[in-house]
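Now for the letters of each chain:
Number of protein chains: 4
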Amino acid sequence: MVTPLKDRDTLDVSGLERVIRHVLAGGVQGLFLLGTTGEGTSLSHRLRRELIERSSRLVAGRVPLLAGITDTSFVESVNLARAAAEAGADAVVLSPPYSMPEDQVELREYLEHILPELPLPLFLYNLPPLTKVAFELDVVRWALDQPRIVGMKDSSGSMIYFNRVREVTRVRAGWALLVGPEELLAEAVLLGGHGGVCAGANIFPRLYVELYDAAERGDLPRVRALHSMAMRVAEEIYRIGSHSSAVIKGVKCALSCLGLCDDFMAEPFHRFGEPERRRIQSALKAIQPEVATALKTAA
Amino acid sequence: MVTPLKDRDTLDVSGLERVIRHVLAGGVQGLFLLGTTGEGTSLSHRLRRELIERSSRLVAGRVPLLAGITDTSFVESVNLARAAAEAGADAVVLSPPYSMPEDQVELREYLEHILPELPLPLFLYNLPPLTKVAFELDVVRWALDQPRIVGMKDSSGSMIYFNRVREVTRVRAGWALLVGPEELLAEAVLLGGHGGVCAGANIFPRLYVELYDAAERGDLPRVRALHSMAMRVAEEIYRIGSHSSAVIKGVKCALSCLGLCDDFMAEPFHRFGEPERRRIQSALKAIQPEVATALKTAA
Amino acid sequence: MVTPLKDRDTLDVSGLERVIRHVLAGGVQGLFLLGTTGEGTSLSHRLRRELIERSSRLVAGRVPLLAGITDTSFVESVNLARAAAEAGADAVVLSPPYSMPEDQVELREYLEHILPELPLPLFLYNLPPLTKVAFELDVVRWALDQPRIVGMKDSSGSMIYFNRVREVTRVRAGWALLVGPEELLAEAVLLGGHGGVCAGANIFPRLYVELYDAAERGDLPRVRALHSMAMRVAEEIYRIGSHSSAVIKGVKCALSCLGLCDDFMAEPFHRFGEPERRRIQSALKAIQPEVATALKTAA
Amino acid sequence: MVTPLKDRDTLDVSGLERVIRHVLAGGVQGLFLLGTTGEGTSLSHRLRRELIERSSRLVAGRVPLLAGITDTSFVESVNLARAAAEAGADAVVLSPPYSMPEDQVELREYLEHILPELPLPLFLYNLPPLTKVAFELDVVRWALDQPRIVGMKDSSGSMIYFNRVREVTRVRAGWALLVGPEELLAEAVLLGGHGGVCAGANIFPRLYVELYDAAERGDLPRVRALHSMAMRVAEEIYRIGSHSSAVIKGVKCALSCLGLCDDFMAEPFHRFGEPERRRIQSALKAIQPEVATALKTAA
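Protein chains in written order, with our numbering: chain A, 1 to 299; chain B, 300 to 598; chain C, 599 to 897; chain D, 898 to 1196.
FYI, nobody ran anything at the bench for these hints, they're computed from the structure. Quick caveat, the model's predicted, so the values are computed rather than measured. By construction, the Cβ of each residue, glycine as well, lies at the ideal position given by its N, Cα and C atoms. Among the hints, erroneous ones may be present.
Said to hold, decoys possible - Residues of chain B clear of chain A, computed beta-carbon distances all greater than 12 Å:
#: 1; residue: 345
#: 2; residue: 359
#: 3; residue: 395
#: 4; residue: 466
#: 5; residue: 469
#: 6; residue: 505
#: 7; residue: 518
#: 8; residue: 567
#: 9; residue: 580
#: 10; residue: 581
#: 11; residue: 588
To be verified - Derived PhoX-like pairs (lysine-lysine); straight-line CA-CA distance at most 25 Å:
#: 12; chain 1: C; residue 1: 894; chain 2: C; residue 2: 883
#: 13; chain 1: C; residue 1: 730; chain 2: B; residue 2: 431
#: 14; chain 1: D; residue 1: 1182; chain 2: D; residue 2: 1193
#: 15; chain 1: C; residue 1: 730; chain 2: D; residue 2: 1193
#: 16; chain 1: A; residue 1: 285; chain 2: A; residue 2: 296
#: 17; chain 1: A; residue 1: 132; chain 2: D; residue 2: 1029
#: 18; chain 1: B; residue 1: 584; chain 2: B; residue 2: 595
#: 19; chain 1: B; residue 1: 431; chain 2: D; residue 2: 1029
#: 20; chain 1: C; residue 1: 883; chain 2: A; residue 2: 132
#: 21; chain 1: B; residue 1: 431; chain 2: A; residue 2: 132
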């Protein structure tokens, strides 16, 4: 989920309400706050706490609430986890600390040290393009023996990695393996993954929910149709400008065009300017009826 | 400067005193706290503040005190800068926010936005191996027009970059261009750079101070002798294990062997084990008299 | 297909016969010579020509024969293409020239210049981990307008890229989009790709042929079973040693263990030593009956 | 040295004569053919041989002639080395084979295997940005024990690496350690390196020769002046367009502007268009008199 902002340290409170209402209405099965799309690490710790508290009150237990606690500092991650627990989150999500790359032994020790400090169950967040370090398979195997580690979100972008993790995690029933990039949701679920954390679900929640459902029950023609639609959304909304932050910018801009929330972005990023906004607007105009048709036709 | 720790959130206070006394006795012209070697981003914000305060009191104005304020969050960097000012630091040092890479326009805007919020002069910290983003020359040229930006520490490891920056920054007298890796101190200063921020100066402060002095006055035979010595230190102390954190580990372990401070390291790293420690000890034993001789002979 | 070698410039002729007989018996629909697994660029031009000639005679038109012609030199690639045509190959396969990375405009021009020189239809070979340059979507769109470019083998390892290419190439019926890593064959075909070029098909050709067939007709339970088997092969055979050449070494060693061909490798690589060979042997012993069972059960 | 071309497989013979005359007149102490700037790997093997033969006749023993023999194929590199020996070259230069990265054990074995096949002494060519693999220090130490390996050209761009290699190679007198990027020539020689292989010496040979001489005898003021001039050349001539091939394009275009040779480039590159050519022309116009002045003043 995005973090609707009025400025760099002020939540867009009514936008937050609208976005949460919108995605819950779309049928999503959980909310992940303060991930990459949520600009988690760009926000002050105070605002991160406020976001979890407000979201928790708004969601009111209807779906599980996951809160990102990744930080370069171990102690600050623990502080965030405690705040998340107090605020009513259901689990925390942690990637290797951004900053200097640690080796796999250090990464496992890092997890060993932090697990007893966390008041909530933990999802691993595999994000090597940004953290430089992946959870290699030996660490994943170790994690399967930790009752408090309950799943992983894999945003590596590599389905070879995802497939390998799926094979080894199969031994622990209920361990949730989720895929990050929504362009990979169809295949991840078709071959046995448990779901996805889709940035696009901020805009078109029902599209990804139904794609997931179709893949779950093996309805291939519907999977293909909705997957093509998801590819279309990514192509038109996420690839404007050449910036690595194009996904977040595209999503926030689209939400603003739809009147759902402000598109202010925390530094080091900024919202799209007028030319990009116009492109998003016309993309939305073209895509919205097609998404509606795809959802109907395929049903 | 390293951050002496007793455990992940406790300063080694007497170690800190000894290290500061040691490096000041060695003649260093400034102290840089909370950089990469100082494990800055791994520490809690509380401890970072405590370190600046205590160091400031110990240094008591004898040399300028620079404090790293890099954080993934703009607001937290500003909070740190304010704390640094209150604690008596003389300048702050800032690299691009670790996390998602921004483009150069965003990087310049980030600096434009943060400058008015900073109560102290700013050094740029170029660290692309860790932050993924470098200050490209157009941003450096822009920075030269900002009176509050007073210099750069370049830890890119690229002397081509350093040479290019030196050529463009020459127009602003007093703008300090410092090099990160001490293996490059000799050449940086010989060709017109203004100094270095040397991890090894925690251990052998006089070696780097005299190498700097020799380069400054163009005493090539002495530069070559002391530079070889500095290469020797790096080879023996910084390359144990294959970890990207080998420099910090080596420095902290050496300081511990010398009785200067504890070698505890904040997560995600850990201190060297016994076998590595023994290698550091015997390296120190071999190097210490050679450093002493080199300093005498060359003088 | 691997290139069976007796030494660095001598084909293992009887090994070549056995391997070709083996994979054709397994039902493969084509042979790709001189790709990465075929050590194409490591061989002398003379030997590359000999391999195509002998393979062409052995295949005798039963399946299409594709020959890799990638070289750092444009002229040498054209020379190879001519030799391939004379030797009876059906198409040539070309990645961007290894060496200095060119930009997309240069890459398109490179293709524009080479197309009229090639006597055979062309498959693009997308291999950015080795060539540093990918065929970006604009070049793919341009390629769709070239009648002589008939498909692409994508070894990027990125299913996001593969999915994007599939969406844009859909407009040209018959344009073949093949995936490189066999760990991705299932999902590539389930969502509309046209097949794979599987290193493992040298060892277990029927496994990948049947996995392809199952995916083609949407038989999800069988796809999942055979895909798991394929993941198992990759895990046990391709990940011995930490070398980037582990796949080729594993495949050649397995073929040697099975008595199909010599496992000599051209420089800069060398065959596995005894310990690795023993691991491959016991992996084969465990996997062979399981592959047989999976093929039967699933049928 | 560049390879003057009339088209992709035709030498610009009179251009070659003029360039060789020009650089020899400038006082260079050797010629390196078929390196990166010489587009070595982009040319047909036939043309590479022709270039060595013609150059050898033109140089007529006045300076040593080094020929690049890097190829993805071991056998083809040996073929090139034999042709180079017959054509009268004095040494060959070899980087790790472009294509799949090998590990250090494989790299050393590769050298062990190729050394007895080479009829000429060998320079190692360290080029990790393009070959993905560096000669690590253990391989360098091994190389020092091979009488037929007589030096290294380091184009890594890392002075930390260069400094480390210099320290370990010091034990073998006469082993030549040369730096690739000319922006690093001054520091490389000031601290004990043996010279550089400067692309810019195609245009302004005397500038780099005199910079080398000044560094050799420790004339720091002159070094600084000429080094600044060399930085200026790089800034104005090598950074037009954003292409990784900008250096070669800039050099060839400048040579063409000066009437020395054609600026045709082998695929995958192409010569600069008119706008870039005009920028090179006006840069040359500005720089030429300054180079002349710097050479005079400093003398």
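Results of checking the hints against the structure:
1. 345: violated, 8 Å
2. 359: Check passes; 28 Å lies beyond 12 Å.
3. 395: violated, 7 Å
4. 466: holds, 27 Å
5. 469: holds, 28 Å
6. 505: holds, 28 Å
7. 518: holds, 36 Å
8. 567: violated, 4 Å
9. 580: holds, 23 Å
10. 581: At roughly 24 Å from the nearest Cβ of chain A, residue 581(B) sits farther out than 12 Å, so the non-interface label holds.
11. 588: Check passes; 33 Å lies beyond 12 Å.
12. 894(C) x 883(C): holds, 18 Å
13. 730(C) x 431(B): holds, 18 Å
14. 1182(D) x 1193(D): holds, 18 Å
15. 730(C) x 1193(D): violated, 44 Å
16. 285(A) x 296(A): With Cα atoms ~18 Å apart, residue 285(A) and residue 296(A) stay inside 25 Å; holds.
17. 132(A) x 1029(D): Holds, at roughly 18 Å.
18. 584(B) x 595(B): holds, 18 Å
19. 431(B) x 1029(D): Judged against 25 Å, a Cα distance of about 19 Å means the pair holds.
20. 883(C) x 132(A): violated, 37 Å
21. 431(B) x 132(A): holds, 10 Å
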